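There are 2 protein chains.
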Amino acid sequence: MRVLFDELKDLVNEIDALESIVGLLDWDQEVNMPVGGIEGRSRQLAIQARLAHEKLIAPAIKHLLTALKPYQDTLPYDSHESSLIRVTRYLYDKASHIPPDFQARLYEHLGKSQTVWLKAYAENDFASVRPFLEKTLDLSREYSSFFNGCEHIADPLIDLNDPGMTVSTIRHLFKEMRDQLTPIIKDIARVQIPPCSSLTKFSPELAQLSFGREVIEKIGFDFERGRQDKSTHPFTVQISPGDVRITTRVNEYDFWNAFSSTVHEAGHALYVQGIAPTWNGTFVAHVASEGINESQSRLWENIIGRSKNFWHYFFPRLQLYFPETFANISLDTFYRGINRVQPSSIRTEADEVTYNLHVIMRFDLEIQLLEGSLSVGDLPEAWRQRFQEDFGICLSSDREGVLQDPHWYDGFIGGQFQCYILGNILSAQFYESALSTYPEIEDEIRRGYFGTLRAWLKNNIHFHGRKYSPQELINRVTGKAMTIEPYMQYLKTKYYDLYNL
Amino acid sequence: MRVLFDELKDLVNEIDALESIVGLLDWDQEVNMPVGGIEGRSRQLAIQARLAHEKLIAPAIKHLLTALKPYQDTLPYDSHESSLIRVTRYLYDKASHIPPDFQARLYEHLGKSQTVWLKAYAENDFASVRPFLEKTLDLSREYSSFFNGCEHIADPLIDLNDPGMTVSTIRHLFKEMRDQLTPIIKDIARVQIPPCSSLTKFSPELAQLSFGREVIEKIGFDFERGRQDKSTHPFTVQISPGDVRITTRVNEYDFWNAFSSTVHEAGHALYVQGIAPTWNGTFVAHVASEGINESQSRLWENIIGRSKNFWHYFFPRLQLYFPETFANISLDTFYRGINRVQPSSIRTEADEVTYNLHVIMRFDLEIQLLEGSLSVGDLPEAWRQRFQEDFGICLSSDREGVLQDPHWYDGFIGGQFQCYILGNILSAQFYESALSTYPEIEDEIRRGYFGTLRAWLKNNIHFHGRKYSPQELINRVTGKAMTIEPYMQYLKTKYYDLYNL
Numbered sequence: 009m010r011v012l013f014d015e016l017k018d019l020v021n022e023i024d025a026l027e028s029i030v031g032l033l034d035w036d037q038e039v040n041m042p043v044g045g046i047e048g049r050s051r052q053l054a055i056q057a058r059l060a061h062e063k064l065i066a067p068a069i070k071h072l073l074t075a076l077k078p079y080q081d082t083l084p085y086d087s088h089e090s091s092l093i094r095v096t097r098y099l100y101d102k103a104s105h106i107p108p109d110f111q112a113r114l115y116e117h118l119g120k121s122q123t124v125w126l127k128a129y130a131e132n133d134f135a136s137v138r139p140f141l142e143k144t145l146d147l148s149r150e151y152s153s154f155f156n157g158c159e160h161i162a163d164p165l166i167d168l169n170d171p172g173m174t175v176s177t178i179r180h181l182f183k184e185m186r187d188q189l190t191p192i193i194k195d196i197a198r199v200q201i202p203p204c205s206s207l208t209k210f211s212p213e214l215a216q217l218s219f220g221r222e223v224i225e226k227i228g229f230d231f232e233r234g235r236q237d238k239s240t241h242p243f244t245v246q247i248s249p250g251d252v253r254i255t256t257r258v259n260e261y262d263f264w265n266a267f268s269s270t271v272h273e274a275g276h277a278l279y280v281q282g283i284a285p286t287w288n289g290t291f292v293a294h295v296a297s298e299g300i301n302e303s304q305s306r307l308w309e310n311i312i313g314r315s316k317n318f319w320h321y322f323f324p325r326l327q328l329y330f331p332e333t334f335a336n337i338s339l340d341t342f343y344r345g346i347n348r349v350q351p352s353s354i355r356t357e358a359d360e361v362t363y364n365l366h367v368i369m370r371f372d373l374e375i376q377l378l379e380g381s382l383s384v385g386d387l388p389e390a391w392r393q394r395f396q397e398d399f400g401i402c403l404s405s406d407r408e409g410v411l412q413d414p415h416w417y418d419g420f421i422g423g424q425f426q427c428y429i430l431g432n433i434l435s436a437q438f439y440e441s442a443l444s445t446y447p448e449i450e451d452e453i454r455r456g457y458f459g460t461l462r463a464w465l466k467n468n469i470h471f472h473g474r475k476y477s478p479q480e481l482i483n484r485v486t487g488k489a490m491t492i493e494p495y496m497q498y499l500k501t502k503y504y505d506l507y508n509l
Numbered sequence: 009m010r011v012l013f014d015e016l017k018d019l020v021n022e023i024d025a026l027e028s029i030v031g032l033l034d035w036d037q038e039v040n041m042p043v044g045g046i047e048g049r050s051r052q053l054a055i056q057a058r059l060a061h062e063k064l065i066a067p068a069i070k071h072l073l074t075a076l077k078p079y080q081d082t083l084p085y086d087s088h089e090s091s092l093i094r095v096t097r098y099l100y101d102k103a104s105h106i107p108p109d110f111q112a113r114l115y116e117h118l119g120k121s122q123t124v125w126l127k128a129y130a131e132n133d134f135a136s137v138r139p140f141l142e143k144t145l146d147l148s149r150e151y152s153s154f155f156n157g158c159e160h161i162a163d164p165l166i167d168l169n170d171p172g173m174t175v176s177t178i179r180h181l182f183k184e185m186r187d188q189l190t191p192i193i194k195d196i197a198r199v200q201i202p203p204c205s206s207l208t209k210f211s212p213e214l215a216q217l218s219f220g221r222e223v224i225e226k227i228g229f230d231f232e233r234g235r236q237d238k239s240t241h242p243f244t245v246q247i248s249p250g251d252v253r254i255t256t257r258v259n260e261y262d263f264w265n266a267f268s269s270t271v272h273e274a275g276h277a278l279y280v281q282g283i284a285p286t287w288n289g290t291f292v293a294h295v296a297s298e299g300i301n302e303s304q305s306r307l308w309e310n311i312i313g314r315s316k317n318f319w320h321y322f323f324p325r326l327q328l329y330f331p332e333t334f335a336n337i338s339l340d341t342f343y344r345g346i347n348r349v350q351p352s353s354i355r356t357e358a359d360e361v362t363y364n365l366h367v368i369m370r371f372d373l374e375i376q377l378l379e380g381s382l383s384v385g386d387l388p389e390a391w392r393q394r395f396q397e398d399f400g401i402c403l404s405s406d407r408e409g410v411l412q413d414p415h416w417y418d419g420f421i422g423g424q425f426q427c428y429i430l431g432n433i434l435s436a437q438f439y440e441s442a443l444s445t446y447p448e449i450e451d452e453i454r455r456g457y458f459g460t461l462r463a464w465l466k467n468n469i470h471f472h473g474r475k476y477s478p479q480e481l482i483n484r485v486t487g488k489a490m491t492i493e494p495y496m497q498y499l500k501t502k503y504y505d506l507y508n509l
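Protein sequences, first through last, are from chains B and D. Every letter in the first sequence is one number past the one before it in our numbering, and letter 346, counting from 1, is 354. Every letter in the second sequence is one number past the one before it in our numbering, and letter 255, counting from 1, is 263.
By construction, these hints were calculated from the structure, which means they are not laboratory data. Incorrect hints may have been included.
The following label-pair restraints were derived from C-beta to C-beta distances [said to hold, decoys possible]:
# : chain 1 : residue 1 : chain 2 : residue 2 : range
1 : D       : Asp86     : B       : Pro139    : 49 to 55 Å
2 : D       : Asp237    : B       : Ala135    : 34 to 40 Å
3 : B       : Asn467    : D       : Ile401    : 57 to 63 Å
4 : B       : Asp109    : D       : Asp81     : 31 to 37 Å
5 : D       : Asn132    : B       : Glu150    : 43 to 49 Å
6 : D       : Leu214    : B       : Glu150    : 46 to 52 Å
7 : D       : Pro84     : B       : Pro139    : 39 to 45 Å
8 : B       : Asp386    : D       : Phe231    : 37 to 43 Å
Values in this document were obtained by computation on a predicted structure and should not be read as measured data. Idealized CB from N, CA, C, for every residue including glycine.
Sequences are here, hints too, so could you generate the full structure?
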């Protein structure tokens, strides 16, 4: 059986390498590629993705999985062999529904769609990307159609990013959150915190990048096993276990923009940099789900990165980097400035509280698109209407609306946004668990020491990669299923204090 | 037959894309990859290269080539279909000798070897890279062993880069060149031109890169279809027809270093950027040979880039970029400075005349290594001895000796260096042809116009990619076989004038 297991491992190794190269092709397209490269890159992406998929669903893997089943059943669930076989079987089963040709068409289309979107975004021109989005919607429906017997058309798409989640569970969860969020937002709206004007003063790009680098090195990003670049929309990619790349964007008149995205992406990177080396080159060496992934980025970006303790340590450093911008304000003014609750049009620039409304809205819209009750042509207007209802703001352009997120332009429509709220919820649930074991974490952060929290996250979450399902992992780490209570409690405590309510 | 032809084209498309991704993996390793990425990258390179190779030698291609043979025989030699089938057949025949497993072992080894060399180079530590070089020698011999009946062990390795060339033809050529070169070098040695001290004054990196960029844009490098980055050793890579990347290195106390490498690599890039779009995604959309490839880089670097006419136009621009460095010297002093003949240790920094001795020496050493008359362990000393004999210089370190070129550390031993002399020879032969059709080229260059020369090169050479064999191409373009006369004449005329001999 060892021979068969090693055979499986070799095949997985190969497929994992081919897939990781898709990641490099994507990263390079966003960060380096000259415009003339798009035709060749779309072809490369399509061919590489199809090939990786063909190798995964080839008879060889199926035969090995079948032959290894009795062996797997004798192994402890937690063991290396059992976990590797289990995760491979899970991914094989899912992938075997998808014809390789679909994979090629999808990637070829998304490569082009992404490029057209970049231009459409720059020029506020939804019409130019609309036919691409229509094709993406068709492809998303086609993907779903490969899975018979699912309750909702969006379920297979959601499951792709957040295994085990469905439209029905998410709707329930989002309703619960919305019900609890609405009174909080109303309460906050009664009080006005003035904006902190220093945050929109000139902050030179180089200093922003250097400061961001100092911060993420301090919290644990390993620059020997990663790098940071600039791109239109920040993202993280795992080229290999020793090569995890993050990107950011810089606005010299909006300090928080690059800073928060830097810490956010570093949170993702810490997750992958922390996966146990024993999983290198296997399907286990990846994040457990996008929801768990976002729990890591949003934990560092918000719970830590917007906390008073964090800035107690870093604010004097910030003042050294930007003497003209931040030297003359107090830590308290800065802290209130970065946590000011204010409905705004861009999701990635939203405050922690209203951010969730952005996500719920996107989730609802993609469900409507998939169900067919909303057409792509009507999407920009539907976006504006819904935004007006939820935020009381009249949007002046699609750049501030439907064009802002890359998700629907470089991936499926469906299953793309729920992970952000799952991430928020889990970030608080995980942090609560960490604090209950190590109450000293908060005080350590105040002194600029992040080692205890990082080690807890690594040992409890990062280390396992995809070994456990999201549900298993949450239960193992927190002793219970996912619950919104810690997150709602966190928001209430923080913001009722901040707003003196 | 059209159906079969289209099938072949689709397969070739796929293999070409897989191979071009190998190029991206290489480029990324040199330009971006963090050190931690090396293990993953070696695996990715090995798997990707083996896969591309497997696809090329798979029965599908063979069957199609066999089935298409009668059709090919009815087609004009020059036609699109015939050329595509012919080039595919040529590459298939060569590749079919090589087992896929060899390809994987080779790339995995070279990935590591290259990384070890980078460190060995930085630390002047040949011992650390020696075992890797020994393995490379074994792999080079193994490659050669796949080709039965070749006259010399190095012939298959030479043929890989310069189809049609053999040890015996090159030895003959190099002897002829050496015989003619020796009296020229002796004559020159009787006269002393003082070095131009401005060339080693401080020239800020940013200004060097900007000036280089202005120059290569002017001669025709298309930044919408390419980019320039920094790397330890300059190189050019064709990621796709619309994405051709060059690199350079900058020494702030050696202006000529980055400048000449920039123009050199741009010469390569112009070649690939100029291939007819009809060949996109096929094996024809590549350079005809490394010798032809070097003829393009060395034409721009030397015949144009070190000419008086070129600097008549660019020198005033140079003075604007570097007022403190070049404003107070004359064009003549500068021109004599960049053409000063002075034996020196580093090939890529050598003058045009002694450069050829560097190449002959490397060619001889790799032949000795392959033949077994020289061991890798004795190579550093053999290098020093030979260098002392040819250049009269005693080398003080391996960094100045055997560690300086990446070729043996990221590729085979054998067939790696002859292309530079072939390039020199052909650059003059091609330029002579261009001038005989358009004598106005020299005057145009003096006025900063490069369009006529560029168009001539594009129409006669670049456009065809690999459609013609090197020998066919040379005959078509110049009306005769390769000959060293124009090159020797060029050297004599230029340097006897410069040295008042």
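Next item on the list: May I ask you to test the hint 57 to 63 Å on the CB atoms belonging to B:Asn467 and D:Ile401?
Entry: The hinted range 57 to 63 Å holds for B:Asn467 and D:Ile401, with Cβ atoms some 59 Å apart.
Next item on the list: Look at the Cβ atoms of D:Pro84 and B:Pro139 and judge whether their distance stays inside 39 to 45 Å.
Entry: Once the Cβ atoms are compared, 41 Å apart, the range 39 to 45 Å for B:Pro139 and D:Pro84 holds.
Margin query: Given a hint of 46 to 52 Å, does the C-beta separation of D:Leu214 and B:Glu150 actually sit inside it?
Written below: 50 Å, holds
Notebook entry, point to check: Does the Cβ distance between D:Asp86 and B:Pro139 fall inside 49 to 55 Å?
Noted result: 40 Å, violated
Item checked: Beta-carbon spacing of B:Asp386 to D:Phe231 - inside the hinted bounds 37 to 43 Å or not -> At roughly 40 Å between Cβ atoms, D:Phe231 and B:Asp386 fall inside 37 to 43 Å, so the hint holds.
Notebook entry, point to check: Does the Cβ-Cβ separation between B:Asp109 and D:Asp81 fall within 31 to 37 Å?
Noted result: 34 Å, holds
Check: Cβ-Cβ distance between D:Asn132 and B:Glu150: within 43 to 49 Å?
Finding: 59 Å, violated
Margin query: Please check whether D:Asp237 and B:Ala135 have a Cβ separation lying inside 34 to 40 Å.
Written below: Holds - the Cβ-Cβ distance for D:Asp237 and B:Ala135, about 36 Å, lies within 34 to 40 Å.
The earlier numbered hints that this structure contradicts are 1 and 5.
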